[in-house]
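Chains as they are written, first to last, in this note's numbering: chain A, 76 to 425; chain B, 76 to 425; chain C, 76 to 425; chain D, 76 to 425.
Hints were generated in silico from the structure; no laboratory data involved. Some hints could be false.
The list treats identical chains as one, so a pair stands whether inside a single copy or across any two.
Said to hold, decoys possible - With a cut-off of at most 25 Å between alpha-carbon atoms, the simulated PhoX-like pairs for lysine-lysine come out as follows:
hint	residue 1	residue 2
1	Lys79	Lys116
2	Lys301	Lys401
3	Lys345	Lys376
4	Lys116	Lys378
5	Lys298	Lys198
6	Lys116	Lys234
7	Lys351	Lys151
Number of protein chains: 4
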Amino acid sequence: MHFKKSLGSDNHSGIHPEFLKSIIDVNNSHAPSYGTDSVTKCALKLFKKNFGSQSESFFVFNGTAANVLCLKALIKSYQSVICTDISHLNLDECAAPEAIIGCKLEVIKSVDGKLTAPQIEEKLTRLGDQHHTQPGCVSITQPTEVGTVYSIEELQDIKKTCLKHSLKLHIDGARYILAAHYLNLTLLELTNIAQPDALSFGGTKNGLLFGEAVVFFNKDLAKDFKFLRKQAMQLPSKSRFLAAQFIKLFELWPEIAGHEHSMAKYLLQKLEPFKKIKIKHPVQANSVFPSVPRAWIKPLKNKCFFYVWDETNWTLRWMCSFDTTKQDIDFFIQAINELSDGSADGLNEL
Amino acid sequence: MHFKKSLGSDNHSGIHPEFLKSIIDVNNSHAPSYGTDSVTKCALKLFKKNFGSQSESFFVFNGTAANVLCLKALIKSYQSVICTDISHLNLDECAAPEAIIGCKLEVIKSVDGKLTAPQIEEKLTRLGDQHHTQPGCVSITQPTEVGTVYSIEELQDIKKTCLKHSLKLHIDGARYILAAHYLNLTLLELTNIAQPDALSFGGTKNGLLFGEAVVFFNKDLAKDFKFLRKQAMQLPSKSRFLAAQFIKLFELWPEIAGHEHSMAKYLLQKLEPFKKIKIKHPVQANSVFPSVPRAWIKPLKNKCFFYVWDETNWTLRWMCSFDTTKQDIDFFIQAINELSDGSADGLNEL
Amino acid sequence: MHFKKSLGSDNHSGIHPEFLKSIIDVNNSHAPSYGTDSVTKCALKLFKKNFGSQSESFFVFNGTAANVLCLKALIKSYQSVICTDISHLNLDECAAPEAIIGCKLEVIKSVDGKLTAPQIEEKLTRLGDQHHTQPGCVSITQPTEVGTVYSIEELQDIKKTCLKHSLKLHIDGARYILAAHYLNLTLLELTNIAQPDALSFGGTKNGLLFGEAVVFFNKDLAKDFKFLRKQAMQLPSKSRFLAAQFIKLFELWPEIAGHEHSMAKYLLQKLEPFKKIKIKHPVQANSVFPSVPRAWIKPLKNKCFFYVWDETNWTLRWMCSFDTTKQDIDFFIQAINELSDGSADGLNEL
Amino acid sequence: MHFKKSLGSDNHSGIHPEFLKSIIDVNNSHAPSYGTDSVTKCALKLFKKNFGSQSESFFVFNGTAANVLCLKALIKSYQSVICTDISHLNLDECAAPEAIIGCKLEVIKSVDGKLTAPQIEEKLTRLGDQHHTQPGCVSITQPTEVGTVYSIEELQDIKKTCLKHSLKLHIDGARYILAAHYLNLTLLELTNIAQPDALSFGGTKNGLLFGEAVVFFNKDLAKDFKFLRKQAMQLPSKSRFLAAQFIKLFELWPEIAGHEHSMAKYLLQKLEPFKKIKIKHPVQANSVFPSVPRAWIKPLKNKCFFYVWDETNWTLRWMCSFDTTKQDIDFFIQAINELSDGSADGLNEL
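Full structure from sequences and hints, please.
Structure follows, in structure tokens:
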């Protein structure tokens, strides 16, 4: 019998066996805590290898913390963060940026989850006016929340605009490895192109038990960050278990990202015959955003869990994980097939 | 050959094999995230069993977060938290209570790490005076930072004082199981005696990979806490791996706490012959606080890592973990023995 | 010769002679500070008379503080405030709500500066979802930032919607007296209709040297507010000088509001012949929002200062103060007249 | 008949007639708001004249704000402020530093209200330890809360220690003019000796209606302070009325400070015969701190209001204002005389 996996989120999957093994491997006797152990030191060397020798990295517990603490290091509370309307930062952090940084988000209406350089410039109003929060940073998500990837040109335009207006640049890279894979770049190459001041480098959604990293590309930003992290309640004690997983992630990421993306592409390809399904965004990472006939949603969800992304047009989010298989997708497509053959909404109606 | 373990901290140890096994056991396929999975539900039932049916519990990542978020739920920013001078809250959270809650700590000079009911009353000054922060909560650590345990009578006196003056009560229970063990009580019995409004229930220092719990004893406090937790960047996504460890902790805690305490007692007993070593606090949990001749510190540290607790009188902290063995202690005592026989500081001088 | 007054803002005017006199009158010898003096007590009685016996009022220094502290008392940081896109709260407080409360603003696109009951309901999404900030309060400005006044029916609809969804209601009443005047209601009648939970009652823009009031309509909200105010750095020491001005304001407000509104209406009437001037919003308070030919702006500003409200369509804001006279307006109209007769943009062209 | 003035606080007095006159004088027609008017510009020039050309000054509403915002500009939230146990900052701001800055205060036990350079050094522990807040700033009050004045040598020692350890220096100068008077220095001379990074320069307690100034001695600190001030709800709109008073204060301060100090000295001299009265601190500013027989307190307070400073030893605070007269003091001494002659506590008993 086939066990149904979720298409709900890439954090519905568990721990990648290799990451679990890495935890087990370093669970031998005692080690100094709070990041002073040899495994952490080894991992931090790999961060420098993958993000540049001038980078400085810090583990935190989750993605909310990675995003918020990157930004807290980049801006003052009276500066605003320019981001998209659908950014995780804006919609899914329960106002943590506002609470922890005390800043305002300046929201840009996105297309395919992206903001553009001209849109940034439109937000640069009332500069120097003490009554109005001042733009301090642009935050983009790469890949975006709807599974698209900023192109090299888009990244360069955004960076150029940031430099022109003295804006810091942050990348929410919860699924950064998928962007590197899609653009066929190493992490270092992608980072050298995008030139962020700070990067949230994700682990959890790519198979780690837990753990994200705050990566700074300027030693001044990193200088006192350890105090900021501790005060923000994000200093892990048994750091070696985060470190070991990231060491393995730097080895396995091309394989993991490659697999996740290929599963999304496979799903996309299998959906092609279903004319009632519209694909809302290019599939460039590990998710597919289809709109489907409303009546299909309930029966499909019974087969395999997923989220409705947008109730106004019944767009869904189907997301592949490191352990999603062709078999899982075939099973799901079979369910669609059955609905599609039915009376009310089936293809045969068309 | 004997492998040297640290006496530095109980978070220098790794993951207890049974907790690691519990992680492995629930790492099967997919599960809903953010606490909606069946393992978490099962764990939360056990929390109710161990802390009372009216309790409501929430996982967070670390002890700083458990303490700070308990207090954030209990008080307003213009209220102060009465705690001891040596409390973790005061000394070791890098001012997280001030930053995250915005409150002032009112610090009491402790004896054996404890504060007393009369000392609380001395802090109740300028009540109603708008210029002065108002006492809102008492926070005690059980067992204390110096390995002592509040007695039943002490707990009752403190609670009585809190009730009399409408003060909330918080317990920092990073090593709560050791207090229950020492007092020969179940977790529920200890909690029913102490009657805290909120408890930080520790996991990491007792062998978990990571994870602490915020436990409220009043449903009103718990009502909106999920939003507070998320906004404070403490919502774990793959919750089942925290839950599984806590499920196991509720089974194994008497054994773990018993072992840790017995190791501390064994160490204490072995120290008795050394007249140059003074024990500074009763040994009621898993740590021993000796003062030793200053010249011993460096060579001893070379044998086995530990922290100097108080440089003004060369008091050290030796702390046992779940995996500390008699062999480890014998090895350490042997090192002391060698120093003690030496010329400058040895016993034979006396 | 005629002295040119500003049409820039009603805080460009100075102190109303009667308010200045009230300051001088209470400047006799010593009085207790921080609100315990007899003048303050007398003023607070008048607040109860004007806002209802269940109301509790507190002086603060400025409008930013009045708005932010009202809201801080009404919501938790993980709750959002629903307000308009052009609200002072959103555009002109330099992100003080975010910094001091830690909350997110949920912004509604306004028409004539107003939000509507159905628009509030559209914002009530993701209720109970811990990842998303939860609507906690609606804040309206009465009169609005563009000089319009919510009608009785609009206020009733908004309150009904708030009650239905357990939302608190706040009114930014920096120019509240103008709304009462326009609706031909007493302050108490207007307040009983609108039923806010908290009101920022403005003084500075109506001729006070300085001073606003936070008015709560629920004693529970007011209970500990004095601590919140002090901690937020808003406790005035020589309170009697604020109190004396408010005492006088309760006497003179119908006259002041009446005069300011009549000046705006007079200006509006005088603008009627100029076909190139479009009035963008109904004139219901003390301001007129015209769009004028772009070439007029510079020469007009040289005659009399004002702000460009919206550069995208060259809408201006002309605002009358307690001391604006018909003579001032005639002088300004004369300047328009001269421009209008000119070659490029004059009426004679049409 | 003699009118009784308060000895309670120098903010029990009202507005100095000259400051009131300065308000009246600038209350002519309209002026730009928020600090862009000519009166404010003129005042800011005088600030540069009195505090050095490199200084940058900003008006705020009250002393709490001046202190807290100076410090917010000087330190990060994970840095601590070293101050005395009796500092206004520690005791009388209702935890505003904690709430607004998010920092911890490191409290030094004062003698005569002062801290010393060696005491600062004792606080410099756990430097670089991420678990512990890091000393970032020293804040002294000049004159102190008990009416003493740091000597030139004491100031130089403190500054030297600050420089040695890269600590910023803040002066709470709510009554700064009294220190300059006592040391027979100009404001500029005193400031050049003390070399603070930021100064809270007080107005209210020296006869202003309201108003304090934040003075920075480093343009970098001042650069974005206007945004910080606005976000902290401390931007005054009708700035000219603050400016006019400060302009006059720069003219009159020697006279005002001289008078206040001479009144305190006169009071001190008149107290000499009363052997039951012990003077607790040198009288170097405008206050006298006597301990008196407990039975005298109530009848004395009936004659003239004052505060009990320390209930543990019945120390009182008697404070002179700009308008305290010899006649006021003679009247008060007469009351003491009557008590002193009486049966239970009189001098004749001794």
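Here is how each hint holds up against the structure:
Proximity of Lys79 to Lys116 under the C-alpha cut-off of 25 Å is restricted to the inter-copy arrangement: shortest distance 21 Å between copies versus 39 Å within a copy. For a Cα distance limit of 25 Å, the shortest separation of Lys301 from Lys401 qualifies neither inside one copy, at 43 Å, nor across copies, at 36 Å. Proximity of Lys345 to Lys376 under the C-alpha cut-off of 25 Å is restricted to the intra-copy arrangement: shortest distance 18 Å within a copy versus 63 Å between copies. Only between protomers do Lys116 and Lys378 lie at most 25 Å apart by alpha-carbon distance; the minimum there is 22 Å, versus 45 Å within a single protomer.
In this assembly of identical chains, the alpha carbons of Lys298 and Lys198 lie at most 25 Å apart only when taken from different copies (22 Å versus 30 Å within one copy). Proximity of Lys116 and Lys234 under a CA criterion of 25 Å is satisfied in neither setting, with 31 Å inside one chain copy and 39 Å between copies. Neither within a single protomer nor between protomers do Lys351 and Lys151 lie at most 25 Å apart by alpha-carbon distance, with minima of 48 Å and 44 Å respectively.
The structure shown violates the earlier hints numbered 2, 6, 7.
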